[in-house]
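**Student:** Residue numbers (my numbering), protein chains in the order written: chain A, 1 to 345; chain B, 346 to 690.
Among the clues, some could well be false.
[As the list claims (entries may be wrong)] Using 30 Å as the maximum straight-line C-alpha spacing, the simulated DSBU-like pairs for lysine-lysine come out as follows:
no.	chain 1	residue 1	chain 2	residue 2
1	B	Lys381	A	Lys141
2	A	Lys302	B	Lys450
3	B	Lys450	A	Lys61
4	B	Lys375	A	Lys4
5	A	Lys4	B	Lys450
6	B	Lys678	A	Lys337
7	A	Lys45	B	Lys658
8	B	Lys663	A	Lys45
9	B	Lys576	A	Lys91
10	A	Lys91	B	Lys473
11	A	Lys137	B	Lys390
12	B	Lys375	A	Lys30
13	B	Lys390	A	Lys61
14	A	Lys91	B	Lys483
15	A	Lys267	B	Lys678
16	B	Lys406	A	Lys141
17	A	Lys12	B	Lys663
18	B	Lys483	B	Lys473
19	B	Lys682	A	Lys267
20	A	Lys318	B	Lys390
21	B	Lys375	A	Lys137
22	A	Lys313	B	Lys682
Calculated from the structure, these hints are not laboratory results.
There are 2 protein chains.
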Amino acid sequence: MKEKVTIYDIAKALNITAATVSRALNNNPKISEATKTLVMETAKKMNYEQNRFALALKSGKSHNVGVIVPFINRNFFSSIIRGIEEELYPKGYHVIICQTHEDAKKEEETVQNLLNAQVDGILMSVSKTTQQVRHFKKILKSNTPLVFFDRIKEMDGVSTVTINDFQGGYMATKHLIDVGCTRIAHATVDLALPIYKHRFEGYKQALEDHDIAYNDDYLITTKSDIDAGEKAIKKLLKLKNAPDAIFSASDYAALGAIQQLNVLGIKVPDDFAVVGFSNEPFTQFMELSMSTVDQSPVEMGKTAARVFLEQMKEPNLKIMKKVELSPELIVRKSSSKLTANNKQI
Amino acid sequence: MKEKVTIYDIAKALNITAATVSRALNNNPKISEATKTLVMETAKKMNYEQNRFALALKSGKSHNVGVIVPFINRNFFSSIIRGIEEELYPKGYHVIICQTHEDAKKEEETVQNLLNAQVDGILMSVSKTTQQVRHFKKILKSNTPLVFFDRIKEMDGVSTVTINDFQGGYMATKHLIDVGCTRIAHATVDLALPIYKHRFEGYKQALEDHDIAYNDDYLITTKSDIDAGEKAIKKLLKLKNAPDAIFSASDYAALGAIQQLNVLGIKVPDDFAVVGFSNEPFTQFMELSMSTVDQSPVEMGKTAARVFLEQMKEPNLKIMKKVELSPELIVRKSSSKLTANNKQI
Numbered sequence: 001m002k003e004k005v006t007i008y009d010i011a012k013a014l015n016i017t018a019a020t021v022s023r024a025l026n027n028n029p030k031i032s033e034a035t036k037t038l039v040m041e042t043a044k045k046m047n048y049e050q051n052r053f054a055l056a057l058k059s060g061k062s063h064n065v066g067v068i069v070p071f072i073n074r075n076f077f078s079s080i081i082r083g084i085e086e087e088l089y090p091k092g093y094h095v096i097i098c099q100t101h102e103d104a105k106k107e108e109e110t111v112q113n114l115l116n117a118q119v120d121g122i123l124m125s126v127s128k129t130t131q132q133v134r135h136f137k138k139i140l141k142s143n144t145p146l147v148f149f150d151r152i153k154e155m156d157g158v159s160t161v162t163i164n165d166f167q168g169g170y171m172a173t174k175h176l177i178d179v180g181c182t183r184i185a186h187a188t189v190d191l192a193l194p195i196y197k198h199r200f201e202g203y204k205q206a207l208e209d210h211d212i213a214y215n216d217d218y219l220i221t222t223k224s225d226i227d228a229g230e231k232a233i234k235k236l237l238k239l240k241n242a243p244d245a246i247f248s249a250s251d252y253a254a255l256g257a258i259q260q261l262n263v264l265g266i267k268v269p270d271d272f273a274v275v276g277f278s279n280e281p282f283t284q285f286m287e288l289s290m291s292t293v294d295q296s297p298v299e300m301g302k303t304a305a306r307v308f309l310e311q312m313k314e315p316n317l318k319i320m321k322k323v324e325l326s327p328e329l330i331v332r333k334s335s336s337k338l339t340a341n342n343k344q345i
Numbered sequence: 346m347k348e349k350v351t352i353y354d355i356a357k358a359l360n361i362t363a364a365t366v367s368r369a370l371n372n373n374p375k376i377s378e379a380t381k382t383l384v385m386e387t388a389k390k391m392n393y394e395q396n397r398f399a400l401a402l403k404s405g406k407s408h409n410v411g412v413i414v415p416f417i418n419r420n421f422f423s424s425i426i427r428g429i430e431e432e433l434y435p436k437g438y439h440v441i442i443c444q445t446h447e448d449a450k451k452e453e454e455t456v457q458n459l460l461n462a463q464v465d466g467i468l469m470s471v472s473k474t475t476q477q478v479r480h481f482k483k484i485l486k487s488n489t490p491l492v493f494f495d496r497i498k499e500m501d502g503v504s505t506v507t508i509n510d511f512q513g514g515y516m517a518t519k520h521l522i523d524v525g526c527t528r529i530a531h532a533t534v535d536l537a538l539p540i541y542k543h544r545f546e547g548y549k550q551a552l553e554d555h556d557i558a559y560n561d562d563y564l565i566t567t568k569s570d571i572d573a574g575e576k577a578i579k580k581l582l583k584l585k586n587a588p589d590a591i592f593s594a595s596d597y598a599a600l601g602a603i604q605q606l607n608v609l610g611i612k613v614p615d616d617f618a619v620v621g622f623s624n625e626p627f628t629q630f631m632e633l634s635m636s637t638v639d640q641s642p643v644e645m646g647k648t649a650a651r652v653f654l655e656q657m658k659e660p661n662l663k664i665m666k667k668v669e670l671s672p673e674l675i676v677r678k679s680s681s682k683l684t685a686n687n688k689q690i
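Build the full structure now, drawing on both the sequences and the hints.
**Tutor:** See below:
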């Protein structure tokens, strides 16, 4: 397999300089028509393809937008990407997707990689393990628009699109109180990340507003996966005053919780109610469908894309926009024990 | 927001030619040390970042690999991508993901876009609507390694990684015969695509091997979504001699089928057995877990990545490799009506 044909190969074939080849290909008036024709024909014969990125080096426009997410296989993120594409594709932009697998190092490398690829903008959700912001500063320094969605870092000059996670946590918890639960546990993923911190704060506020004392033992930190949810339930049920419900900031952990409750013979929702967060598609197909909080991810993606387009339209302005969407509680079987009798819901 | 700094800006600032700036940055011996130092310092001061893609234009290596799939939000494809990343990331490659949404035009544009971005290779699964192969020929012409996985086009010089879809179709159908079904329908997606054609051929062969006549009325072409599965069932049940089972080449259509059977009060699996294809995660969390065929997508991704790496190691050879993986039948509730009594399974 041969290396790609470069302007150097064409220059060699014609015994002229690479600079002349380059100028001829770019229709530089300093080059004679005869030379231009010769270069063009030779380039064609040698299968040389003038590189759009080489042109982008001059114009600063590649019409590619980089999207970075922790995982592409979470419905939440793939739906955001769909929203971004639906908005950007008709405007002539191509979307390049990269996943970090929650690895801060990989995130830094990916950012550098996309900057090298001369993307016109970066739309991203921050990895859980990211502490440093130097790669974000690099994006800003290179004058590439940066929009954070869902998982953000508060930074001057960066636009953000989030949902009101406080409200989501509040709604989920209030719903569990409304169906008669009084000992409501909360499974969080990482309180250092704003999304989880705000869901937790919503949870606490709902308890306080309903005169239920916050119990530190009921707060448990888990990974966002099935195993972690199983372990969380085992731990919570060992408590002297075991909880009768859980609001999990992750649908996957909530799924693990339900599976473990089944194993232990504890009836969901009658003896233990469960609410997750994210409205992953599996939540409605489960043996016992799961209550959860929907985050309208397609709308989030569209909004992030629109913020980017607005910035592209006004290259001479530095636009910093903060958009917050509202979550929606979806009540399903895993928490609807008293729904029939209880009109509060 | 300013445009990106280019070598032309540096040239202007120093009142020298862009060619000189370029040579200085590339450490060309024709340029004096004094000029080099001046250019380097000015470039640094102006936040110029030498572009890896500009370098790639010369070396032909960007260390980016493009992966194109119809959808990122199908577990099958996201798992393949995970396999590709697990194999390539430790070798210093970054994976850029693009989705076509089954749109042939978008696929062509995406290929061109990745070629422009100087990717070192393209690993892809062909869109359902793709008829033309000119964009694949373009990849080959540019000497960029191309590996097809799962959905392939037979082309000279292109390596492929597939699973044995014939075997998958055969296993699923034989299983339905084994549990006592005799009027087995088949929902296909598009017989023009080899994967679906082979599943259909496996289905036919299993019928023939068990002395069941193939019935053309039982073959139905659907989209790979829930709605299409619902419609398929409605249509099949209107037949005079309605089927008692369906093998669907799509898990999503199979899900729609099960939901529609529930609506109609037809008991699954007792009165109607269902087997899907792909082992999407929802299949195990459903009210009635779904039998399906697993395609070991992570392994498929790893294999495709290894084929690419092999080609990169031997740039002077044209390697064409065909790898076929074996599928695995997973029996769950939607088809296990006779499992207890029937030792054939």
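**Student:** It remains to establish, for every hint, whether it holds in the given structure.
**Tutor:** Hints, one by one, checked against the model:
1. B:Lys381 / A:Lys141: holds, 24 Å
2. A:Lys302 / B:Lys450: Judged against 30 Å, a Cα distance of about 22 Å means the pair holds.
3. B:Lys450 / A:Lys61: Within the cut-off at roughly 22 Å; holds.
4. B:Lys375 / A:Lys4: Given that 30 Å is the threshold and the Cα spacing comes to 26 Å, the pair holds.
5. A:Lys4 / B:Lys450: holds, 25 Å
6. B:Lys678 / A:Lys337: Holds - the C-alpha atoms of lysine 337 of chain A and lysine 678 of chain B are around 27 Å apart, at most 30 Å.
7. A:Lys45 / B:Lys658: The given pair, whose Cα atoms are some 28 Å apart, holds under the 30 Å limit.
8. B:Lys663 / A:Lys45: Holds - the C-alpha atoms of lysine 45 of chain A and lysine 663 of chain B are around 21 Å apart, at most 30 Å.
9. B:Lys576 / A:Lys91: Judged against 30 Å, a Cα distance of about 35 Å means the pair is violated.
10. A:Lys91 / B:Lys473: holds, 24 Å
11. A:Lys137 / B:Lys390: Distance of about 16 Å is within 30 Å: holds.
12. B:Lys375 / A:Lys30: holds, 23 Å
13. B:Lys390 / A:Lys61: holds, 22 Å
14. A:Lys91 / B:Lys483: Holds. Lysine 91 of chain A to lysine 483 of chain B sits at ~25 Å (cutoff 30 Å).
15. A:Lys267 / B:Lys678: holds, 22 Å
16. B:Lys406 / A:Lys141: Measuring from Cα to Cα gives roughly 26 Å; hence the hint holds.
17. A:Lys12 / B:Lys663: At roughly 25 Å apart (the allowed maximum being 30 Å), lysine 663 of chain B and lysine 12 of chain A satisfy the hint.
18. B:Lys483 / B:Lys473: The hint holds at about 20 Å.
19. B:Lys682 / A:Lys267: holds, 27 Å
20. A:Lys318 / B:Lys390: holds, 21 Å
21. B:Lys375 / A:Lys137: Violated, at roughly 36 Å.
22. A:Lys313 / B:Lys682: violated, 61 Å
The structure is inconsistent with the numbered hints 9, 21 and 22, although it conforms to all the rest.
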